[in-house]
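Here are the chains, one letter per residue:
2 protein chains.
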Amino acid sequence: MGNIGICGAGLIGASWAIGFANAGHKSLVYDNNKDSFKKFELVCDQLLKDLTIINPDLDVNKIKSNITLDCSIEDICKDTILIQESIVEDLEIKKKMFEALDKLAPENTILASSSSYLLISKISENVVHKQRCINAHPALPPHVVPFVEICGSTETSTEIIKSAMSLYKNANYAAILVNKETEGFVLNRLQGALLNEAVRLHEGGYASMDDIDIALKHALGIRWAFMGPFEIMDLNAPEGIKDSFSRYRVGIQNLAKQQNTVPEYSDEYLNQLENEQRKRLSHSARPERIEKRNKMIALIRKLKLELGEDIQNG
Amino acid sequence: MGNIGICGAGLIGASWAIGFANAGHKSLVYDNNKDSFKKFELVCDQLLKDLTIINPDLDVNKIKSNITLDCSIEDICKDTILIQESIVEDLEIKKKMFEALDKLAPENTILASSSSYLLISKISENVVHKQRCINAHPALPPHVVPFVEICGSTETSTEIIKSAMSLYKNANYAAILVNKETEGFVLNRLQGALLNEAVRLHEGGYASMDDIDIALKHALGIRWAFMGPFEIMDLNAPEGIKDSFSRYRVGIQNLAKQQNTVPEYSDEYLNQLENEQRKRLSHSARPERIEKRNKMIALIRKLKLELGEDIQNG
Chain E
0 MGNIGICGAG
10 LIGASWAIGF
20 ANAGHKSLVY
30 DNNKDSFKKF
40 ELVCDQLLKD
50 LTIINPDLDV
60 NKIKSNITLD
70 CSIEDICKDT
80 ILIQESIVED
90 LEIKKKMFEA
100 LDKLAPENTI
110 LASSSSYLLI
120 SKISENVVHK
130 QRCINAHPAL
140 PPHVVPFVEI
150 CGSTETSTEI
160 IKSAMSLYKN
170 ANYAAILVNK
180 ETEGFVLNRL
190 QGALLNEAVR
200 LHEGGYASMD
210 DIDIALKHAL
220 GIRWAFMGPF
230 EIMDLNAPEG
240 IKDSFSRYRV
250 GIQNLAKQQN
260 TVPEYSDEYL
270 NQLENEQRKR
280 LSHSARPERI
290 EKRNKMIALI
300 RKLKLELGED
310 IQNG
Chain R
0 MGNIGICGAG
10 LIGASWAIGF
20 ANAGHKSLVY
30 DNNKDSFKKF
40 ELVCDQLLKD
50 LTIINPDLDV
60 NKIKSNITLD
70 CSIEDICKDT
80 ILIQESIVED
90 LEIKKKMFEA
100 LDKLAPENTI
110 LASSSSYLLI
120 SKISENVVHK
130 QRCINAHPAL
140 PPHVVPFVEI
150 CGSTETSTEI
160 IKSAMSLYKN
170 ANYAAILVNK
180 ETEGFVLNRL
190 QGALLNEAVR
200 LHEGGYASMD
210 DIDIALKHAL
220 GIRWAFMGPF
230 EIMDLNAPEG
240 IKDSFSRYRV
250 GIQNLAKQQN
260 TVPEYSDEYL
270 NQLENEQRKR
280 LSHSARPERI
290 EKRNKMIALI
300 RKLKLELGED
310 IQNG
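Going down the list, the sequences are from chains E and R.
Per numbering that gives the first Met the number 0, the very first residue in the first sequence carries number 0; after that it's consecutive.
Per numbering that gives the first Met the number 0, the very first residue in the second sequence carries number 0; after that it's consecutive.
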C-alpha cells in the first residue's frame, strides 16, 4: 500500500493520519510549526479512544506504528501516492503550499485539500500540474465520521478523480463525487440549507432554539442517521419516490418560495444565540458534551455496522 | 387520566391510539368507514412489535386493553380531554369534521388536527369554539418517533396551548411549540429546505442520488440523530455558538443567496427519480426496507434512551 503525506498536524490532520494508518497505509505527517506535534499525540490518543468504541479490537499500536511524526515537507512528497493538505483555511497560504507540494512531489501523486469552502480551482491556480489537484473535504468530527467528498476543477483529470475515489474508498471512507465545483460541495450545502431555515424560524419568532433542536434530533435526525433524502422519500408513499414527490411537490415548492431570504447573522443576533445557548450549556460543560457527542456518533456507527447499514453498504 | 378520542383509524390514528394508551389514557377510536378496523388491529400489532424493540418489557396487552375500537363519533366526544383528528388530508372534509366535533364535544375538550400542511385557522373556520382548536402534527413513522408540533391560530387560547403541551409531554411525546402559523410548521420546513437543496444538487448534475444519500446518512445524519442545529454549531468552534457563526456566516449567507430557486419537480424529472431509485431498491423490496427503517429508528431510540439522550432529556 502506498504512503500518504499528511500536511498539517491539527485535528483534521490527525484524523486523516489515523484513518489512513488504520487502513494499512504509512502516514507521514508534516507541519511547519514543530510545536503542533506536542499536542498531536494527545489528540491521536483521544481520537483512537473514540474509535475503540466502534471497534473494541482496534489495533491501536499498529495504527500508531504506521504514523511517522515530524516529517519534512520533502519527506511527505517522496514516494507518497496522496498528500492530504489540512493547514489553515487561508487561500493565499494554501496556494503557496500547493505550489511547493507540486514542485516536490512525483507527478502522479494526488494533491488533495481538506478545505471546506476554498475551491481547488483557486487553490491550484499557480500549480503546474493542475490535473492532479482535488478537494477532498471531510466531515466533522472526521475520525468517527469517515466521510469525504471529492471534487476536481475543470483542469483535474478523470483518472486522478477515479484513483482518488478508489483510494479513499479502499481506506474505508464513505467517498462521494461532486461532479462540478460548487461552494460548500454537497455536505455543507445540505447543512447550510437546513441551518439557514433553522435561523429563519428562530429569528422570526416561530420557535425556540430548544424546540428547533428537538425537531431535528428527536424527529428528522433519527431517520437521517441511516437514510438519505431520496431513500426516505421512496418509502414515504405507497408507490415509491415518484408517488411521494407527486403528493408533496406543491407543498415543497411553496416552502422553496418562502425560504429564499438571507439571514443577516448580525452581531446582536449572534450575541442573543450565545446567551440563550449558555443557559442550556455552560461554557465549562462544553468539552464534556463534545466528548459525549463523539461517543454517541461512535455508538450509532457501531449500531449501523452491526445492522449492515454502515459505510461498506453505502 | 382523561380519555382521548381518536378520529380516523388509519396508520396515524393507530399510532396515536397506541401512544396515548401506552401512557395510560383510554383511546377511543372512531372511523366512519367501518372497514378500516379490519386493518387497524393488524397495523397496531406491527407498530407494537416495533415499540417492543425499544422497550422489551412493553405491556402490549395493557396497551391493547386501553384502546376501544369502532366507537361512534358521539362516543369519542363524550368525556374526552382531547380529540386527535387524523382523517384524510382534505380541507373541506376536515372543516366539516371539526364543525361536527365542536358541536358534540364538551367545551373544554381540545380539538387537534394531525394535518401536516392544512393550518388550523382554515380547518376551524366554521367552528364556534375556535379557542380550543390546534394543529398537533406528528412525525413519520409516528409510533417510533413520538414527536408532535403544536400550533394554534390567532383565535386559539393560550390556556389550551399550555394544556395541550402538558398533555402530549405527559404522554411521552417530544412536544414543541410553533408560536405562529407557518406552512410546514418546523419539521417540514427544515425537511423541505434540505429536500429542495438535495434536488437542486441532483437535478443540476452536481451529485448522484446515491452520493447525496450517503452525505446525509453517513455524515450529517449521525450527528442530527441526537443534536439539533444550534447545539451542533455550539460545539463546532472553540468559543461556542457565536464563535461558530462568526466564522461561517459569510459562507452560510452565500449559500442562502444561491439556494433560492424553486425546483420544478416535473413529471419527467420524477420519472427519472423513480427509475434511478428502482435500480437501487426494487418495488417488491420496499416493504422489507420499511420494516428495517422502523427497526433502525427503534434501535437508535433505544440507544439514546440508554445514554440519557432521548425525549425525557429533550
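Simulated from the structure, these hints should not be mistaken for laboratory data.
Honestly, I wouldn't trust all of these hints.
Where chains are identical, the list cannot tell them apart; a pair therefore holds if satisfied intra-copy or between any two copies.
Claimed, not checked - With a straight-line Cα cutoff of 30 Å, these simulated BS3-like cross-link-like pairs (lysine-lysine) come out:
id	residue 1	residue 2
1	K121	K294
2	K278	K301
3	K48	K61
4	K102	K291
5	K278	K121
6	K278	K61
7	K77	K63
8	K61	K301
9	K291	K77
10	K77	K25
11	K77	K278
12	K179	K256
13	K94	K294
Source: prediction; values computed, not measured.
Discussion item. Under the constraints set out in the numbered hints, which ones does this structure not fulfil?
Written reply: 1, 4, 5, 6, 9, 11 and 13
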